[in-house]
Amino acid sequence: MATDVFLMRHGETEANVRQILLGREDSPFTAAGWQQPVEVAWHLRDRTLACIYSSPMERAQRTAALVVATLGQPIPIETEWAIAEIDAGQYTGFTFADVRQRIGRHVLLGEFRYPGGESWAEVQERAVRFVLGLEARHHDGAVLLVTHAGVIAGLVADYLGEPIESYVRTRFGHDFLGRFEMADGAIVGYEKLVGTVDTWV
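Residue 131 in our numbering sits at position 131 of the sequence shown, with consecutive numbering throughout.
There's no promise every hint is true.
To be verified - Now the in silico label distances, taken between C-beta atoms and shown as ranges: (1) 193 - 25: 38 to 46 Å; (2) 184 - 115: 26 to 34 Å; (3) 196 - 161: 22 to 30 Å; (4) 116 - 19: 15 to 23 Å; (5) 197 - 79: 20 to 28 Å; (6) 165 - 194: 25 to 33 Å; (7) 73 - 181: 32 to 40 Å; (8) 140 - 18: 38 to 46 Å; (9) 191 - 98: 31 to 39 Å; (10) 169 - 32: 16 to 24 Å.
These are computed hints drawn from the structure, not numbers from a lab.
Nothing here was measured: the structure is a model prediction, and the numbers come from that model.
Beta carbons are placed, not taken as given, at the ideal position from N, Cα and C, and that holds for glycine.
Take the sequences, apply the hints, and build the full model.
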């Protein structure tokens, strides 16, 4: 048997619509942001989730709570910093256009670190380390991660053996649901179940 690790992104925020690099700050949901977690959760209605691991960002916590309410199951929610949004440091609150103008294409490099913040490689490293430990905790079970597009991109890139630069531009939509299959301490399969995946820069 295998352990299933489901992945979803938080609901859409006003900052997402305005193309703002939110980082560790937060922003209210749009009307769509309140509905998206409900629709994604519907695809998990036939699964028994042992736990929901949520990024500490409030937008992810709200999403996790909506999933639990939709499924109507007593699923514990645990806050996990390993799947938190990237720390954008001094560029928190800037629009993506401003970031590109000031930094250029360097922002897409895995080793580029936002001044006062993190690099995408660091985000990927902490997220992968956490996910690889889930099988031991939930052997033959299923869990859900409520996280951010960049975290999901780092996890998928690692599984595919691709450099993080190949996936930093990938935008996993707020309607996205994916699944990792884990066995013998490794991710052995990945599939996108529903939702949009495109590029953002």
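Each hint, compared with the structure:
At about 29 Å, the beta-carbon gap between residue 193 and residue 25 misses the expected band of 38 to 46 Å. Range check, residue 184 to residue 115: Cβ separation about 40 Å, and the 26 to 34 Å hint is violated. At about 24 Å, the beta-carbon gap between residue 196 and residue 161 stays in the expected band of 22 to 30 Å. For the pair residue 116 and residue 19, the supplied restraint of 15 to 23 Å holds, since their beta-carbon distance comes to about 21 Å.
Distance hint for residue 197 and residue 79: a CB-CB separation of about 26 Å, consistent with the stated range 20 to 28 Å. Look at residue 165 against residue 194: about 27 Å separates their beta carbons, and that is inside 25 to 33 Å. Evaluation of the 32 to 40 Å hint for residue 73 and residue 181 yields a failure: the beta carbon distance comes to about 22 Å. A C-beta distance of roughly 43 Å is found between residue 140 and residue 18, which places it inside the suggested range of 38 to 46 Å.
Between residue 191 and residue 98 the Cβ separation comes to about 36 Å, which falls inside the hinted range of 31 to 39 Å. Take residue 169 and residue 32: their Cβ atoms lie about 23 Å apart, and the range 16 to 24 Å holds.
Of the numbered hints listed earlier, those contradicted by the structure are 1, 2, 7.
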